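Residue numbers (the working numbering), protein chains in the order written: chain A, 1 to 114; chain B, 1001 to 1111.
Since the hints were derived computationally from the structure, they do not count as laboratory data. It is possible that part of the hints are untrue.
Okay, the calculated beta carbon distance ranges per label pair [to be verified]: (1) A:18 - B:1018: 33 to 39 Å; (2) A:3 - B:1058: 21 to 27 Å; (3) B:1046 - A:70: 35 to 41 Å; (4) A:15 - B:1056: 46 to 52 Å; (5) B:1108 - A:112: 22 to 28 Å; (6) A:82 - B:1042: 24 to 30 Å; (7) A:3 - B:1018: 30 to 36 Å.
These figures come from a predicted structure and were not determined experimentally. Beta carbons: idealized from backbone N, C-alpha and C, even for Gly.
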Amino acid sequence: NAGVTQTPKFQVLKTGQSMTLQCAQDMNHNSMYWYRQDPGMGLRLIYYSASEGTTDKGEVPNGYNVSRLNKREFSLRLESAAPSQTSVYFCASSQGGGTLNIQYFGAGTRLSVL
Amino acid sequence: EDQVTQSPEALRLQEGESSSLNCSYTVSGLRGLFWYRQDPGKGPEFLFTLYSAGEEKEKERLKATLTKKESFLHITAPKPEDSATYLCAVQATSGTYKYIFGTGTRLKVLA
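Just chain A, with the same shape it has in the complex (with noise of 0.2 Å):
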């Protein structure tokens, strides 16, 4: 019973590397998420995809990049990494619209950029 599975659980990276970070889901969930956690800011969204094919831009979407690979699958790119991109970055997933749209997340990604 995993859920919402990351990859990898940490990062360090130095300024202008790239990276990708793994999101998967086991639930058959429409719609998945990546969002941001930074100390007093609480969590904001990166980019999410409604259903497979589709991808829209969050609150916070400069300097990430998605794929959303298949129904499972839902990754974020970061190109050219900036100190400011330290954080720790959240995958959830849901069953898209009326009152199912409960967002189940996975267990995080902690980047450090150096």
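Fit chain B to the known structure of chain A by using the hints.
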């Protein structure tokens, strides 16, 4: 602008000392309000969802209530294992399925 404010930022309770956490929200139309628990180093864990004013949900020592402007998470006779950060989020009826999160209340229950 849609907004969620949680108070207090931090709360220390003695074991058995009941209290309430507040989540005030401003949203054009409320589709749902959600409470999550987050332990250090982990992702948020779903607790409750509330959809209409007057609704209440209970789970063990926790009870969530909803009015047209705010929600309360009541903690009755808390135990040390209830220590965590409690997050509130709202989903508006307009547009998409996006959540707006508050910054959370850090609860510490002392034995």
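Going down the list of hints, with the structure as the test:
no.	hint	verdict
1	A:18 - B:1018: 33 to 39 Å	violated, 50 Å
2	A:3 - B:1058: 21 to 27 Å	holds, 24 Å
3	B:1046 - A:70: 35 to 41 Å	violated, 24 Å
4	A:15 - B:1056: 46 to 52 Å	holds, 50 Å
5	B:1108 - A:112: 22 to 28 Å	holds, 27 Å
6	A:82 - B:1042: 24 to 30 Å	holds, 26 Å
7	A:3 - B:1018: 30 to 36 Å	holds, 32 Å
Checked against the numbered hints given earlier, the structure breaks hints 1 and 3 and satisfies all the rest.
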